[in-house]
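The numbering of the sequence shown is our numbering, which starts it at 1 and goes up by one.
Just so you know, these hints were derived from the structure itself, not from any lab.
Check each hint, because a few of them may be wrong.
[Said to hold, decoys possible] Derived pair list, reagent style EDC-like, types lysine to aspartate or glutamate, alpha-carbon separation capped at 20 Å:
| id | residue 1 | residue 2 |
| --- | --- | --- |
| 1 | Lys288 | Asp262 |
| 2 | Lys288 | Glu269 |
| 3 | Lys32 | Asp48 |
| 4 | Lys288 | Glu264 |
| 5 | Lys288 | Asp275 |
| 6 | Lys288 | Glu259 |
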Amino acid sequence: MAKYELTAETVSHLGHTLRRIRATTDFGKVKKGDQGGFVQAENNLSQDGEAWIADEAKVFMNAVVSENALISDAATVYGSARVHGAARICGNTRIGEEAEIYRNARICDHAEVGGNAKVYGDVVISQNARISGKAKVTEKARVSGDAQLYHHAWAHGSALVRGHARIHDYAHISQNAQVSGSAEIYGNAAIYGNARVLGTAKIFGHAAIFGDARVSRPIPMTVRSDGETFSLVATPEGPRVIGDYEYLDFGQSREYWTENADGETLRAETLAIIDHFERIAPILGIDKPVAPELGAD
Numbered sequence: 001m002a003k004y005e006l007t008a009e010t011v012s013h014l015g016h017t018l019r020r021i022r023a024t025t026d027f028g029k030v031k032k033g034d035q036g037g038f039v040q041a042e043n044n045l046s047q048d049g050e051a052w053i054a055d056e057a058k059v060f061m062n063a064v065v066s067e068n069a070l071i072s073d074a075a076t077v078y079g080s081a082r083v084h085g086a087a088r089i090c091g092n093t094r095i096g097e098e099a100e101i102y103r104n105a106r107i108c109d110h111a112e113v114g115g116n117a118k119v120y121g122d123v124v125i126s127q128n129a130r131i132s133g134k135a136k137v138t139e140k141a142r143v144s145g146d147a148q149l150y151h152h153a154w155a156h157g158s159a160l161v162r163g164h165a166r167i168h169d170y171a172h173i174s175q176n177a178q179v180s181g182s183a184e185i186y187g188n189a190a191i192y193g194n195a196r197v198l199g200t201a202k203i204f205g206h207a208a209i210f211g212d213a214r215v216s217r218p219i220p221m222t223v224r225s226d227g228e229t230f231s232l233v234a235t236p237e238g239p240r241v242i243g244d245y246e247y248l249d250f251g252q253s254r255e256y257w258t259e260n261a262d263g264e265t266l267r268a269e270t271l272a273i274i275d276h277f278e279r280i281a282p283i284l285g286i287d288k289p290v291a292p293e294l295g296a297d
């Protein structure tokens with residue numbers, strides 16, 4: 001049995017004629033006779049499950065809403081987008097192109113998701129955030145403000161991306177990391193652990209920023225001759241050298257790479273990098289511990 005029908009009420013939207021829907025039976029929180037939003041055709045909203053389009057929301061072109069998803073307020077879903085699972089799309093959100101939203105994802109306010117982006121899990125995308133390209137936002141990640149993820153960027157775990165941050169190329173943000181301000185993360189860079197990247201910081205290449213690192217401006221980064229990236233970051237415990245997935249103070253760094261560098265040439269080169277970092281740390285003002293709350297909510 002069909003759960004809804006198309007009414008005679010129409011609206012023209014971006015050159016498409018849409019028709020308001022009306023429930024023909026009770027399901028979920030919807031009661032028989034309740035009027036919903038607008039669709040271009042019956043294929044836009046599944047007759048199965050508890051999926052619904054409410055208020056003045058619009059679903060058109062080849063977009064499909066199914067399972068238990070809810071589209072409400074003035075949200076629009078179009079193109080070949082798919083919204084399913086228990087996803088909630090509200091506010092003035094726009095979901096388009098071939099984007100896919102599912103599980104318990106929540107997208108609200110004026111956020112936009114397009115391209116081939118995938119958003120799923122217990123994710124929240126809000127305010128004026130933009131997700132596009134082949135970017136992914138998964139698990140419990142949050143994206144807000146004017147933040148943008150595009151290309152193949154990925155935010156997952158309990159990551160928080162906000163402000164005017166830009167995450168692109170193949171960069172990814174995970175665990176409890178936070179990126180905010182006008183920070184830009186790109187290349188194959190990875191931000192994770194409890195790291196905080198904010199301000200005008202730029203992290204790129206194959207750099208990995210993790211632990212309790214606090215980065216609020218461009219940081220010293222050096223690429224060793226074999227391609228390994230080394231970074232000098234401030235933390236609540238003092239400066240730390242990050243390289244080869246190690247997170248060490250100056251003394252620990254010298255000990256580690258003296259014992260573990262692959263060959264005398266790389267050992268000498270790495271120790272020279274560490275010496276350079278230690279010399280410039282006081283010049284850059286990152287030779288002392290920084291406040292642990294830097295970049296926190």
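How the hints compare with the structure:
Using a Cα cut-off of 20 Å, the hinted pair lysine 288 and aspartate 262 is violated, with the two alpha carbons roughly 31 Å apart. A threshold of 20 Å between alpha carbons decides the hint, and for lysine 288 with glutamate 269 the separation of about 25 Å lies outside it, so the pair is violated. A hinted pair counts as satisfied when its Cα atoms are at most 20 Å apart, and lysine 32 with aspartate 48 qualifies at roughly 15 Å. Simply put, lysine 288 and glutamate 264 have alpha-carbon atoms about 31 Å apart, too far for the 20 Å limit, and the pair is violated.
Restraint check for lysine 288 and aspartate 275: satisfied, since their Cα atoms lie roughly 17 Å apart, inside the 20 Å limit. Pair hint lysine 288 plus glutamate 259 does not hold up; C-alpha atoms about 27 Å apart against a cutoff of 20 Å.
Violated hints, listed in ascending order, are 1, 2, 4, 6; each of the other numbered hints is respected by the structure.
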